[in-house]
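Student: Listed below, chain by chain, are the residues.
2 protein chains.
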Amino acid sequence: MLAGFVRTHRHVRRLEGSRVILAGDLARGKVGLVAGGGSGHEPALIGYVGAGLLGAVVAGEVFASPPAGEVVKAIDAVDTGAGVLLLIGNYAGDVINFEMAMESARAAGHRVELQVVTDDVAAGTADIRSRRGLAGSFFVWKAAGASAASGAALDEVRRVAQKANESTRTMGVASHPGTVPGTDRPLFAIPDDQIEIGVGHGEPGLRRISVRPVDAIVDELVEHLVSAEPSGGLGSEVATLVNGLGATPLIELYVVQRRLVENLEGRGTIVHRSFVGNYYTALEMAGFSVALLGLDGELRALIDAPASSAHFSQPASS
Amino acid sequence: MLAGFVRTHRHVRRLEGSRVILAGDLARGKVGLVAGGGSGHEPALIGYVGAGLLGAVVAGEVFASPPAGEVVKAIDAVDTGAGVLLLIGNYAGDVINFEMAMESARAAGHRVELQVVTDDVAAGTADIRSRRGLAGSFFVWKAAGASAASGAALDEVRRVAQKANESTRTMGVASHPGTVPGTDRPLFAIPDDQIEIGVGHGEPGLRRISVRPVDAIVDELVEHLVSAEPSGGLGSEVATLVNGLGATPLIELYVVQRRLVENLEGRGTIVHRSFVGNYYTALEMAGFSVALLGLDGELRALIDAPASSAHFSQPASS
Chain F
1 MLAGFVRTHR HVRRLEGSRV ILAGDLARGK VGLVAGGGSG HEPALIGYVG AGLLGAVVAG
61 EVFASPPAGE VVKAIDAVDT GAGVLLLIGN YAGDVINFEM AMESARAAGH RVELQVVTDD
121 VAAGTADIRS RRGLAGSFFV WKAAGASAAS GAALDEVRRV AQKANESTRT MGVASHPGTV
181 PGTDRPLFAI PDDQIEIGVG HGEPGLRRIS VRPVDAIVDE LVEHLVSAEP SGGLGSEVAT
241 LVNGLGATPL IELYVVQRRL VENLEGRGTI VHRSFVGNYY TALEMAGFSV ALLGLDGELR
301 ALIDAPASSA HFSQPASS
Chain Y
1 MLAGFVRTHR HVRRLEGSRV ILAGDLARGK VGLVAGGGSG HEPALIGYVG AGLLGAVVAG
61 EVFASPPAGE VVKAIDAVDT GAGVLLLIGN YAGDVINFEM AMESARAAGH RVELQVVTDD
121 VAAGTADIRS RRGLAGSFFV WKAAGASAAS GAALDEVRRV AQKANESTRT MGVASHPGTV
181 PGTDRPLFAI PDDQIEIGVG HGEPGLRRIS VRPVDAIVDE LVEHLVSAEP SGGLGSEVAT
241 LVNGLGATPL IELYVVQRRL VENLEGRGTI VHRSFVGNYY TALEMAGFSV ALLGLDGELR
301 ALIDAPASSA HFSQPASS
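Respectively, the protein sequence lines represent chains F and Y. Using our numbering, read the first sequence as starting at 1 and increasing by one per residue. Using our numbering, read the second sequence as starting at 1 and increasing by one per residue.
Only chain F is shown next, with the shape it has when bound in the complex (with noise of 0.2 Å):
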């Protein structure tokens, strides 16, 4: 895979002898942004390396983090002398080889912080450091994207990456589970006649229900991501990402899009910009997900800046 990547996006290259891929173009003097974790969700991670978004994502083996000394060799080339903030969703391997590779680079005396998204609410918990990391990621990596490119310090891309992770909700539903390569059945199985509600990016999720009408899905998929704890997070002005987990077709999500801004209007928020597609998924796995951010000024800049990756783009002002 990323053999193949690189030889197809010209903006990028491939860290000599690494599972590192890295933006052709360093932006010399901002902060470098290193995302990371199992592969197997493409366009996540790699397709947002680039300008207004990451700086270098180690990609690990399917669903598996990567190791510590990959994680350094990608802070060693985006620290072009601001520093480095890593980003990571929360599961148990990238967060141990994340600290690991943090430490490290910091007795090599590299300036490093780490901002862990926590943006699954179907974990139904007030305490956000216990969620897993999902679709919402896009958001933090979008927000922590433009601040760095703005040439805002460490202590302040770090600030905007934490503000965004706790602003953001994401909640997915699947009919059917995707299957690793390699191995000869699904992850998990969910009966034909229905539904699963809560699942991770191949993983099992919170309770079954039976399959139903898109609009009914999407309406409680809303309630979840709205309710969630702690209460009043959301505010009256979001962004919306419909995500798609790799075998549904777009065509399907735009469906969901429709009755997910009908449902927010409904209730008088304001949907300022939204995106669908996908995003991150889990290999072919069947159904999406719906992350919300709730926006004020700062982080509505930041999510309408300018970005350009193999797999995102957003011209100035569009």
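Quick caveat, the hints were computed from the structure, so don't treat them as lab data. Since the structure is predicted, the reported quantities are computational estimates derived from the model, not experimental observations. For glycine and all other residues, C-beta sits at the position ideal for the given N, C-alpha and C. Some hints here could point you the wrong way.
Label-pair restraints from in silico Cβ distances [unchecked claim]:
{"#": "1", "chain 1": "Y", "residue 1": "Arg212", "chain 2": "F", "residue 2": "Arg10", "range": "25 to 35 Å"}
{"#": "2", "chain 1": "F", "residue 1": "Ala153", "chain 2": "Y", "residue 2": "Asp192", "range": "49 to 59 Å"}
{"#": "3", "chain 1": "F", "residue 1": "Ala316", "chain 2": "Y", "residue 2": "Pro67", "range": "56 to 66 Å"}
Over the 12 Å line for every Cβ pair with chain F, so calculated as not near, a few chain Y residues [what the hints assert, rightly or not]:
{"#": "4", "residue": "Leu206"}
{"#": "5", "residue": "Gly297"}
{"#": "6", "residue": "Ser313"}
So, partial list: chain Y residues that the calculated Cβ filter (under 8 Å) puts toward chain F [unchecked claim]:
{"#": "7", "residue": "Met1"}
{"#": "8", "residue": "Gly4"}
{"#": "9", "residue": "Arg7"}
{"#": "10", "residue": "Thr8"}
{"#": "11", "residue": "Phe63"}
{"#": "12", "residue": "Gly246"}
{"#": "13", "residue": "Ala247"}
{"#": "14", "residue": "Pro249"}
{"#": "15", "residue": "Tyr254"}
{"#": "16", "residue": "Val255"}
{"#": "17", "residue": "Arg258"}
{"#": "18", "residue": "Asn278"}
{"#": "19", "residue": "Leu283"}
{"#": "20", "residue": "Ser308"}
Keeping the supplied structure of chain F fixed, place chain Y upon it in accordance with the hints.
Tutor: Same frame as chain F, but now just chain Y:
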């Protein structure tokens, strides 16, 4: 889908009461490009309405041609004085409806031309008029879109579209067909231990072969593509597209890309530019297609030109 699409992307609008998606910013005095066909292939066709690409798309029901009356509405909307070029795949329903719309719009005073895309080499015939239009259509939209954006006259844009079509060859392979919404079984059946070569978008292919390593499949597709009639058509330099049919993970498409480039370069062919992703799907069909566009200086410049749409963006000089 159309309602959700226009609530997501600000640069497009829906022609009121119609099945027409229109670029918000129509370049006055330039040739208007109108594409159309059945839905269920997203991001094609609506995802390619935008600067340097299509001016309007007429979206039919799933896998069904839009009615001629809707095509006439699109022609009316995009004709800003320089005439309109219609671009469709070679399917009986589309050919009938778009030809009918062309006659009707001409009678109303519009200058309209039609280019039918026929890139599917699985038909194995030297008469390219009998071939289907597949994912290689993207190259025709891109070349004609760049030509129209440059201010070329209708005859010239038509010539470019025809040249791009004659220089494009596509062939697909699938392990599972999609299922049309509202029906309860797949469009056709492929045994678990076999794959089907030469498939269309939701349509069966030429023949079945046993499952084999992806490198062997890519090599077989390339052999078909380069040896297809008329012989010698591709030349020494190409653009490539690895297109996912819907349910094939992007990680696998980049594995295909790696082998594709390796194979072509091994033959001494220059790979000038590559595209990888879900460009032209068939609901949740599992599989991929490979399209090659033979390049000369003119087509190279048109493919390299900037473009910006909901699902394809290419900055200037990237």
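Student: Each of the hints needs a verdict: does it hold here or not?
Tutor: Hint check:
1. Y:Arg212 / F:Arg10: 25 to 35 Å: Roughly 32 Å apart at Cβ, these two residues keep to the hinted range, so it holds.
2. F:Ala153 / Y:Asp192: 49 to 59 Å: Holds - the Cβ-Cβ distance for Ala153 (chain F) and Asp192 (chain Y), about 56 Å, lies within 49 to 59 Å.
3. F:Ala316 / Y:Pro67: 56 to 66 Å: Roughly 39 Å apart at Cβ, these two residues miss the hinted range, so it is violated.
4. Leu206: Fine: 24 Å to the nearest Cβ keeps Leu206 (chain Y) off the interface.
5. Gly297: Nearest chain F Cβ is 19 Å from Gly297 (chain Y), so the label holds.
6. Ser313: Incorrect as stated: the minimum Cβ-Cβ distance to chain F is 4 Å, not above 12 Å.
7. Met1: holds (4 Å)
8. Gly4: Because about 3 Å separates Gly4 (chain Y) from the closest Cβ in chain F, which is inside the 8 Å limit, the hint holds.
9. Arg7: Because about 5 Å separates Arg7 (chain Y) from the closest Cβ in chain F, which is inside the 8 Å limit, the hint holds.
10. Thr8: OK, holds: Thr8 (chain Y) within 8 Å of chain F, min 5 Å.
11. Phe63: violated (11 Å)
12. Gly246: holds (6 Å)
13. Ala247: Hint holds; Ala247 (chain Y) Cβ to chain F Cβ min 4 Å, cut 8 Å.
14. Pro249: It holds, given that the least Cβ distance between Pro249 (chain Y) and chain F is near 5 Å, below 8 Å.
15. Tyr254: Where the cut-off is 8 Å and the nearest Cβ of chain F is about 3 Å from Tyr254 (chain Y), the hint holds.
16. Val255: OK, holds: Val255 (chain Y) within 8 Å of chain F, min 6 Å.
17. Arg258: Where the cut-off is 8 Å and the nearest Cβ of chain F is about 4 Å from Arg258 (chain Y), the hint holds.
18. Asn278: The hint holds - Asn278 (chain Y) has a Cβ within 8 Å of chain F, the shortest such distance being about 7 Å.
19. Leu283: Holds - the Cβ of Leu283 (chain Y) comes within 8 Å of chain F, reaching about 5 Å at its closest.
20. Ser308: holds (6 Å)
Consistency with the previously given hints fails for numbers 3, 6, 11, ordered from lowest to highest.
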